[in-house]
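*Asks:* Protein sequence lines correspond, in order, to chains F and G. 1 is the number of the first residue of the first sequence in the numbering used here; add one for each residue after it. 100 is the number of the first residue of the second sequence in the numbering used here; add one for each residue after it.
Hint data in this document are derived by calculation from the structure and do not stem from the laboratory. Cβ coordinates follow ideal geometry from the N, Cα and C atoms, glycine included. There may be inaccurate statements among the hints.
[To be verified] Calculated pairs, DSBU-like style, for lysine-lysine (alpha carbon to alpha carbon, straight line, at most 30 Å):
| # | chain 1 | residue 1 | chain 2 | residue 2 |
| --- | --- | --- | --- | --- |
| 1 | G | LYS316 | G | LYS456 |
| 2 | F | LYS95 | G | LYS316 |
| 3 | F | LYS95 | G | LYS603 |
| 4 | G | LYS388 | F | LYS95 |
| 5 | G | LYS316 | G | LYS388 |
| 6 | G | LYS206 | G | LYS374 |
| 7 | G | LYS438 | G | LYS316 |
| 8 | F | LYS54 | F | LYS38 |
| 9 | G | LYS291 | G | LYS438 |
| 10 | G | LYS206 | G | LYS163 |
| 11 | F | LYS95 | F | LYS49 |
| 12 | G | LYS163 | F | LYS49 |
| 13 | G | LYS316 | G | LYS291 |
| 14 | G | LYS404 | F | LYS95 |
| 15 | G | LYS603 | F | LYS38 |
| 16 | F | LYS54 | G | LYS404 |
| 17 | G | LYS404 | G | LYS341 |
| 18 | F | LYS38 | F | LYS95 |
[Said to hold, decoys possible] Computed far set for chain F versus chain G, every beta-carbon distance over 12 Å:
| # | residue |
| --- | --- |
| 19 | MET1 |
| 20 | ASN21 |
| 21 | ALA23 |
| 22 | ASP31 |
| 23 | GLU36 |
| 24 | THR43 |
| 25 | ILE44 |
| 26 | ALA46 |
| 27 | GLU53 |
| 28 | VAL59 |
| 29 | ALA63 |
| 30 | GLY71 |
| 31 | ARG81 |
| 32 | ILE82 |
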Amino acid sequence: MNFRAITGNRLRDGAVVFYNNDAGWVERLNDASLYEDKATAETILAAAKAQAEKERLAVDVYAFEVQVEDGSRVPVTMRDRIRSLGPSVRTDLGKQAAA
Amino acid sequence: MNAPAFRADSGIPGSGIFGSEPDSNAGIYRYDDLDRRFVAERVEQFSNQVARRLSGELTEEEFKPLRLMNGLYLQLHAYMLRIAVPYGVLTTTQFRKLSEIGRKYDKGYGHFTTRQNLQFNWIRLEDTPAILGELAEVDMHALQTSGNCVRNVTTDQFVGASADEIVDGRVYAEILRQWTIAHPEFTYLPRKFKIAIMGSDSDRAAIRTHDVGVIAKRNEAGEIGFTFYVGGGLGRSPFVGKLVREWVPEQDFAAYLEAILRVYNQYGRRDNIYKARIKILVHQLGIDKFKAEVEAEFDRLPRPKFTLAHEIVEGIRARFAMPPLETLPADSTTFESHKAGNAEFARWATVNLAAHKTPGYAIVSVSLKPAGGIPGDITSEQMDTLTDLADRYSFGEIRVTHAQNLVLAHVRKDDLFDLWRQLDAIGLATANIGLIGDIIACPGLDYCALANARSIPLAQAISARFADPARQQAIGELGIKISGCINACGHHHVGHIGILGVDKRGEERYQITIGGDATLTTAIGDIIGPAVTEEEAVDAIDTMVEVYLANRTDGERFIDTIRRIGHGPFKEKIYAAD
């Protein structure tokens, strides 16, 4: 089953961030809130986007699909996998480096 | 900026930093106070814009076009800053500054692009005012690297040095930089506008793949003039530039370009981003109608306002004076004996050197394409050492090539062996310029927000497969170019073998083209079959090389064999198992 998560880039430094209903914008996909249905994700996305612009927290905010495999969260598209980890050709950089 | 169109006061170095530096003889235009004031004002403006964005005075929608006008993109992992390297020429003072910025504000490396620029991939928005301030200290900026303006003008990386040069393209590229950087008519063009200029019969700047490609030449009387090609371009709709005028005298150089840009500005489409480039306008109007419009506009331009005065040209030319080269014999016994005694050095010398116009000197191409490496990437540590080497061996000057390599343009043949050993020590002595390992690749989906597929891992796999330098040399000239999306930053359309990354229902696939050519015999490659996986693409290239080696005649290059035997044998072999 695919879930949805919300992501964007932090305004001040461009870092990839994910949305958590309680904590706001967090740096790890594992800490993001997941949404089972599209409608819920779209509603929260709209609110998160508005809040991000108002409080100047994140830009380019969008929802994306995530699979949960053996407890691990894996974005469905290669683009979102690379965003959540870092460049596949430089595994010493990005979020994957600190994993 | 309230300034005359062109400036060329003689003498030069501006106040301060350059006069006694090791790079004081580098062939680069030295900024005067007006240039510096202009760049400083732009830094101040952008600093204020960043502050207003961070404080909420500007929305993202309002801020985005402003940051793009200062070379700042938002990519997958962070902001990316694209720094202009006008016509690809840098002093070592500037190169050292780029290294420092990489270390201080990024992650210790940078990436050279097919526009002869440098990109940093991990930039923080809040740091950009400071970065631009540091760049301004060494007469650098990020202007004309983004947005719908005339982009950084590119030229031959061997300019001012090559034995086959007829006219020094730097002079005219600099004139274009001055003419376009603050030109009010050309700040909001329908779309971006790329110009390349060459000054020899060999095309090392991919002239006919540009919006405007210029070939500088001399007539029988020795006068300088220009051939103009218009409407070339790659991307979604590739076109080969069409000849618009065979000879434009030097005095009309700027006027003729002004006329082309005015016609584009007037008729170019602004309603559809995919049809906004000048290539579409030329295609839709037809070259004859387009030419007629340009000629009419050219005739209307008032003279002498648009006349490029000879003394202005000569003043700018004086700023690119040759470094104080020694009078040396054409042949170097030191160089020859080292070649005889060291096969690796001999191979590097055969592959990576080009003929210099001055006896006893050579042009050195420094490959940024180690086997299995990331094309165009260089670490700050490598940059530091290369800077020292350029100071010691090449008058404090480093050039960037559109093939994502670097050049030391004026090296004594006597010094080549010492230079090679030191390049080798920092991993920059790969002997593959123009060979199969010298792959052009865009950043692709590893970094770029527009990409559909990764480019770099495929480039790494191909260069690793063909890592053996002897095999590469035996194969000879063969250019592979890889783009991660149809925008074609990796120039795949004009690769002898071109590869386009596509997204097929969520999977990365690679579409292979064959027969492209980026030189004056420009050709767009043909797709040879269905897209394949990364692994299959590497195997397909191996197969194409086998077909070529089995069919080539003596001295025949890969592209020549393709032209002689057609694509059929290649296609049949690759897809034989299907």
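*Asks:* Now, for every hint given, state plainly whether the structure supports it.
*Replies:* Evaluated hints:
| no. | hint | result |
| --- | --- | --- |
| 1 | G:LYS316 <-> G:LYS456 | holds (17 Å) |
| 2 | F:LYS95 <-> G:LYS316 | violated (52 Å) |
| 3 | F:LYS95 <-> G:LYS603 | holds (27 Å) |
| 4 | G:LYS388 <-> F:LYS95 | violated (55 Å) |
| 5 | G:LYS316 <-> G:LYS388 | holds (26 Å) |
| 6 | G:LYS206 <-> G:LYS374 | violated (38 Å) |
| 7 | G:LYS438 <-> G:LYS316 | violated (36 Å) |
| 8 | F:LYS54 <-> F:LYS38 | holds (24 Å) |
| 9 | G:LYS291 <-> G:LYS438 | violated (46 Å) |
| 10 | G:LYS206 <-> G:LYS163 | holds (24 Å) |
| 11 | F:LYS95 <-> F:LYS49 | holds (23 Å) |
| 12 | G:LYS163 <-> F:LYS49 | holds (16 Å) |
| 13 | G:LYS316 <-> G:LYS291 | holds (27 Å) |
| 14 | G:LYS404 <-> F:LYS95 | violated (56 Å) |
| 15 | G:LYS603 <-> F:LYS38 | holds (23 Å) |
| 16 | F:LYS54 <-> G:LYS404 | violated (50 Å) |
| 17 | G:LYS404 <-> G:LYS341 | holds (28 Å) |
| 18 | F:LYS38 <-> F:LYS95 | holds (27 Å) |
| 19 | MET1 | holds (17 Å) |
| 20 | ASN21 | holds (23 Å) |
| 21 | ALA23 | holds (21 Å) |
| 22 | ASP31 | holds (18 Å) |
| 23 | GLU36 | holds (21 Å) |
| 24 | THR43 | holds (21 Å) |
| 25 | ILE44 | holds (20 Å) |
| 26 | ALA46 | holds (16 Å) |
| 27 | GLU53 | violated (7 Å) |
| 28 | VAL59 | violated (5 Å) |
| 29 | ALA63 | holds (16 Å) |
| 30 | GLY71 | holds (23 Å) |
| 31 | ARG81 | violated (10 Å) |
| 32 | ILE82 | violated (6 Å) |
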